[in-house]
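Asker: One-letter residues, chain by chain:
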Amino acid sequence: MKLTVNGTSHEVEVEEDMPLLWVLRDELGITGVKYGCGIAQCGACTVHVDGVAVRSCQLAAGDVDGEITTIEGLGTPEALHAVQEAWVEHQVAQCGYCQSGQMMQAASFLELNSAPTDTQIDEAMSGNLCRCGTYPRIRAAVKTAATKLQGA
Amino acid sequence: MGRVKTIARRSFLIGSAAILGGVAFGTYLVKRDPANPLTADAAAGDAVFNPWVKINADGITLVTPHTDLGQGAASMQAMLIAEELDVDLDQITTTPGVPAAAYYNTALAAEAVPFRSNDDSFAAETMRSTMGAVMKVLGAQVTGGSTSVPDSFDKLRQAGAVARETLKAAAAAETGIEVAKLRTERAAVVLPDGTRLEYTALAARAAQLDPVTDVTLRDPAQWRLIGKQVQRMDVLAKSTGTQTYGIDLKVDGMVHASVRMNPRKGAPMLGFDAAAAEGMRGVSQIIGLPYGVAVIADNTWRAFRALEEIEIDWDKAPYPAEQEEHWAAVAASFTPDRLDKEWRHDGDVDSALANAGETVFEAEYRAPYVAHQPLEPLSAIVKVTEDRVDIWASHQLPRFVQQRVAKKLEMDTDQIHLHNQYAGGSFGHRLEFDNIDVTVDVARELPGTPVKLTFRREEDFVQDYNRQIGMARGRGAHAGGKVTALDLEIATVSASRSQSKRLGAPVPGPDTQIAAGAWNMRYAVPDLRVRAYAVPELAPTSSWRSVGASTAGFFAESFLDELIHAAGADPMEERLRLVNDNDARRVLEAVAEMSNWGSPLGPRKGRGVALVTSFGVPVAEVVEVTDTDDGIRIDRVWLAAEVGKVVDPVTFENVVAGGVIWGLGHAMNSEITYSDGMAEQDNFHMAEGMRMHQCPVIEVRALENNPAIRGIGEPPVPPAAPALANAIFAATGTRLREMPFFNTVSFV
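Residue numbers (the numbering used here), protein chains in the order written: chain B, 1 to 152; chain G, 1 to 748.
It is worth saying that the hints were derived from the structure and are not from the lab.
Do not rely on the hints blindly, as some may be mistaken.
What the hints assert, rightly or not - Which bits of chain B does chain G cover? Going by a derived footprint, with three or more residues having C-beta under 8 Å, they are:
1. 23 to 34
2. 40 to 50
3. 62 to 72
4. 84 to 95
5. 133 to 143
Note that the structure is a prediction, hence the values are computed from the model and not measured.
Ideal Cβ placement from N, Cα and C applies to all residues, glycine included.
Construct the complete structure from the given sequences, taking the supplied hints into account.
Answerer: In structure tokens form, the structure reads like this:
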């Protein structure tokens, strides 16, 4: 089947029901997307399909019907997305393992809601688990990112 | 390479250890410094000044041997070296280095001795220095016990200073200008005329010199990095998905694998039928192991899926099958023969309680098993060949990994090469060896082929070594509105013994952790006793962020709070009246001020306070909650901690807030219970910890009054649970005596 990831088209020969997560990680070697729980409880595997956040551990490869963006496609160390800029400014990460998913969730959310309230931020981000407990910084970084995106 | 001259105090400690250690290890062993591991593979032109600094024409490499588990250890260690070396963090690269005795941890000894951390008596200091010598002789390279900062603070600044002065000597030799006229700045020696000689250019010359070991450390007033707002070295990578963790690595020729081990932990497998898994796409091999079955495949998911198709016959659990039996075993351990140690007895508790009559107050508390579950599941890559084993994984005990694998494969330790990795969290999980053991067992079946074995989350949960389960019984009395007697008995399984047994290094004497955070309470209650009872091992347990204090701190500060309420006193005022130590008093006063303690609260709101000292750090926390129609909402937390000196304030605030969230979240909703010999919770929907919408606003304050520098990874955890329980009592009148609290009250 054909998958477009971060603007590049890939031909992969995998089972229809292989979760997108494992196509990305083990077939295409794109490892910014993380395996955390496998049951859509932690959000570490969050990617975008046509700009909308999805849990790639629960999306079968055969059901992908749009262009996929992973954290590597959101921005790069040389050209950061506004959300990543905010994550750097607030020094959000501890272990960092959940942060790709957190940023993908935040970027998608801010596309839909450019001026969120604190409660809306909490609700949008509550599906993404952070075991280190960086939530206060995530909250602050999402607000900063919103401001950056509004100014952009 | 010469011996690094240590600063005066460390010289004294090691010196006195040498006297004491002479009996057990031979003075020579204690005095001798372990070999510099950088020397072994140094190329011509590499200046390896000491085990932490290597400079050559290509660049500056700093070795940061404390494993980075997300607590910022790599960046912190680099800051300490860079401070004295006069380099900026953008001019260096870091590496965890190879496992080596040179990276032994002396600071760990402080928590291992049965003395209060504020006890500076001769006996306490002597024991600490003896234990320090033991660590040195064992070459115990350990990340844990909140020791990365205290272990590194002097050593790494010293390492940086030695390298700097040696580079100046090299520059002096090159230019003929005397050292006193040279200065250093941004990775260069600067000549009086302003000419910069880059360190990288001086390295070849420096490599020919003996290191200059007579160095003076900078006055703190001159620090550029320590205590300053600095960008953590891994922040950019961790904000762009480019940080590589062990689970992300790829090695040429690698196959994927996963495993199912007996969920009745520690018991063998009796047999299996893999017919349904054989021939599944991508599956190349199914391997029976004494304790389970592994699948080799060309993709992790294909290995996961094949495992689900295998029917396995498991043996019975080597511990009680049902949770009620575990609780019964704990409850039955408050007996003289299970007494591990009476840690403290001030006054005469028995007489005080006998004479207290009707004011004697009693309560019983429970703390469950809890899993570690960092978000990066356990994994490892192992390649076994005839004369060499390579292991890619993150571990807190790198030398133990080497020794363990060498023993298993009957090889020499120096044939085992551990490439230690950044970890996606640990919280104590990476002190254990299951991922290493299993991957080695599988990889030895495929000699020459690197095997990457990934645990399914469900497997990680049921194979976790949980926090100790425990109970406490308190009896106390009050008079005239004051707490007058407090008798606390704590019974838990011994996580330390469970863990050290697996390490093959049983620790003699009482378990210092069972009553940690309770017996060392910095209060002067006239009649005060704390006794620890060791429950015989049930399910295996291990160190869980803050270890004993995570349970004993909850027991002690909950019971004290109940006594204070019984006495009709204010929880903050009475603690301030009882406190008997200046550091502890100051952290209490700080949170009282920060939280505006005593100011009126709205309806259905309450504040709770707790003070627990662990790993030498007194931490006070105030929690404020609202009893909403949707459940308890945690609004705010204020925390103050006495740490001596904050090295990295950015990471400090982040990790401390994270410790609060860890403590609160698990107290709210996490436990592991056993049924039919198996953990019943196997993924985050059943033990999730705190989520974003539950997270309070957290305000953190570091106090820097004490000369002893301390680590902060664990100490914020223990006060969180009792402060929350105490706040919920204040708001609702419901006293929570058992964690997790969601079995009793709802949370938003």
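Asker: So, for every hint listed, does it hold in this structure?
Answerer: Results for each hint:
Only residues whose beta carbon comes within less than 8 Å of a beta carbon in chain G count, and the region 23 to 34 of chain B has 8; three or more means the coverage holds. With a threshold of 8 Å between beta carbons, the proposed coverage of the region 40 to 50 of chain B by chain G holds, since 3 of its residues qualify and at least three are required. Counting residues of the region 62 to 72 of chain B whose CB lies closer than 8 Å to any CB of chain G gives 3, which reaches the minimum of 3, so the coverage claim holds. Counting residues of the region 84 to 95 of chain B whose CB lies closer than 8 Å to any CB of chain G gives 8, so the stated coverage by that chain holds, three being the minimum.
Given as covered by chain G, the region 133 to 143 of chain B passes the check, having 7 residues with a CB less than 8 Å from a CB of that chain where 3 are the minimum.
Hint compliance for this structure: no hint is broken.
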